[in-house]
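*Asks:* Sequence:
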Amino acid sequence: MDKVAIFVDKFQEIFSEAGDTFVDLLSGIVPMVLVLMTCFNAIAAMIGKERMDRISKFLSKYKILSYTVLPFLGWFFLCNPMVFSGAKFLPQRQRAGYIDAVSTTNGPMLSLFPHANPAELFIWLGIAEGVQRLGHSISALAIRFFIGGWVLAIIRAYVTETIWVLMAKKEEINVNRGISNKDNSVSDISPDDSVQTDEENVTASASDVNVTEDNTSTDNDTSEITKNKESKLTSAIREIMEKIGRVIGKIVNLFYQGARDAIDMMLKNVLPFMVFISLIIAIITKTGFGNFIANSLEPLTGSVIGIIVLALIISIPVLSPLLAPGAAIQSVLGIFIGTSIANGAVSPQLALPALFAIGVIDACDFIPVAAALGEAEPDTSRIAVPAILLSRFITAPISVLIGVLFSIGLF
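Numbering (the working numbering), first residue to last: 6 to 416.
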């Protein structure tokens with residue numbers, strides 16, 4: 006009976022620890038994320054999709070901007086998954102590179118702008134929490150992750166485009182095709198029917214006014230209106246106040262709707278996953294399973310070489326699409342590594358390389374859908390899948406080394 010009681014106590018401790026972890030996450034992270042999401046949702050609504058389309062058309066004229074600024078604005082204003090629709094403004098040969106640049110910056114964007122894809126927030130938070138438990142600030146980590154992510158995005162975009170062009174030429178596909186067979190320009194707007202004046206009404210209105218020989222009116226109603234006319238200054242002030250009121254009302258409504266969208270996203274996507282992550286953390290810390298995982302991963306997470314090997318393994322083109330769905334594997338890996346950092350088993354100096362390592366499989370399962378959102382032609386979409394998967398495998402060591410480079414002087 007004593008053993009049963011001990012087992013029950015240990016069993017309850019796991020869930021108690023999970024509850025405490027969940028409360029810590031709720032009180033520490035959720036309020037900040039909710040406020041950020043509300044603000045950014047409102048700003049995105051103010052800009053609007055039409056303005057974003059016009060900006061995207063301009064940026065698509067320059068390749069370097071189409072692989073950097075265009076994805077950033079797409080993440081910030083359109084969020085996931087509509088960020089991939091920006092590819093429709095690019096030539097067919099650049100669309101695979103754009104998709105790779107967008108998916109590469111998923112994690113780095115979440116470190117500073119969690120509204121971009123809050124459902125996958127723990128790609129970043131898993132390791133960041135481990136660093137924070139050691140008393141380090143995660144702001145510097147987030148900034149370096151963000152900047153390094155865009156450097157990596159440029160490299161991957163060009164590598165992916167090169168691979169796509171080589172594969173397209175091998176299949177004798179024209180690589181210099183334009184934007185698409187569809188017309189992306191603004192549709193012609195037919196003029197409205199002109200409003201015709203009813204001559205009978207004009208005549209009737211004129212006949213109501215009694216005019217004398219000296220061109221003065223004897224109509225009492227007309228003279229009353231003239232006497233009570235508002236001054237131009239009063240009218241102008243009233244118009245200004247009305248405009249200010251409308252603007253304030255619109256801004257309030259945008260922020261209110263932004264808050265509703267943020268809470269809806271938090272309740273449907275973030276909080277359920279947060280409960281799952283809390284349970285995983287409790288199991289890791291309260292059972293021997295955590296030590297087993299830490300010892301198993303130590304050869305892969307205890308050194309730069311090991312992290313490079315980890316990145317290469319999970320980025321194998323056949324394997325990466327199977328590991329990517331829902332970012333669940335990435336989040337769990339992040340939790341394991343973050344817990345190991347907090348326990349001292351892994352140096353915090355390896356946090357950034359680890360973030361880049363687990364990011365090699367970002368959206369590897371989503372490539373066909375991303376190509377469809379970007380209105381890619383069938384050949385473009387078909388070749389984009391192997392081109393991006395191969396690019397991820399080739400650039401996996403580079404991504405970890407970028408993490409090492411940006412970690413210099415971090416802690």
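Keep in mind that a hint or two might mislead.
Stated by the list, open to error - Once the Cα atoms are required to be at most 16 Å apart in a straight line, the calculated EDC-like pairs of lysine to aspartate or glutamate come out as: (1) K93 <-> D58; (2) K93 <-> E380; (3) K93 <-> D269; (4) K93 <-> E55; (5) K93 <-> D384; (6) K291 <-> E18; (7) K291 <-> D58; (8) K291 <-> E22; (9) K62 <-> D384; (10) K174 <-> E380; (11) K175 <-> D384; (12) K291 <-> D14.
What the hints assert, rightly or not - Listed next, with one range per pair, are the computed distances between beta-carbon atoms: (13) K175 <-> G254: 51 to 61 Å; (14) M37 <-> L327: 25 to 35 Å; (15) M51 <-> V74: 17 to 27 Å; (16) K8 <-> A124: 33 to 43 Å; (17) G349 <-> L117: 23 to 33 Å.
Please keep in mind that the hints were generated in silico from the structure rather than gathered at the bench.
Positions of the beta carbon are idealized from the N, C-alpha and C atoms, including for glycine.
*Asks:* Now tell me if each hint is right for this structure.
*Replies:* Evaluated hints:
1. K93 <-> D58: Between K93 and D58 the Cα gap is close to 10 Å, so the pair holds against 16 Å.
2. K93 <-> E380: Measuring from Cα to Cα gives roughly 5 Å; hence the hint holds.
3. K93 <-> D269: violated, 29 Å
4. K93 <-> E55: With a Cα-Cα distance of about 14 Å, the restraint between K93 and E55 holds, given a limit of 16 Å.
5. K93 <-> D384: holds, 15 Å
6. K291 <-> E18: Satisfied, since the Cα-Cα distance of roughly 8 Å is no more than 16 Å.
7. K291 <-> D58: violated, 51 Å
8. K291 <-> E22: OK: K291 and E22 at ~8 Å, within 16 Å.
9. K62 <-> D384: violated, 23 Å
10. K174 <-> E380: Cα-Cα ~21 Å, so violated.
11. K175 <-> D384: holds, 13 Å
12. K291 <-> D14: holds, 12 Å
13. K175 <-> G254: 51 to 61 Å: holds, 59 Å
14. M37 <-> L327: 25 to 35 Å: holds, 34 Å
15. M51 <-> V74: 17 to 27 Å: holds, 19 Å
16. K8 <-> A124: 33 to 43 Å: This hint holds: roughly 42 Å between Cβ atoms.
17. G349 <-> L117: 23 to 33 Å: Holds, at about 28 Å.
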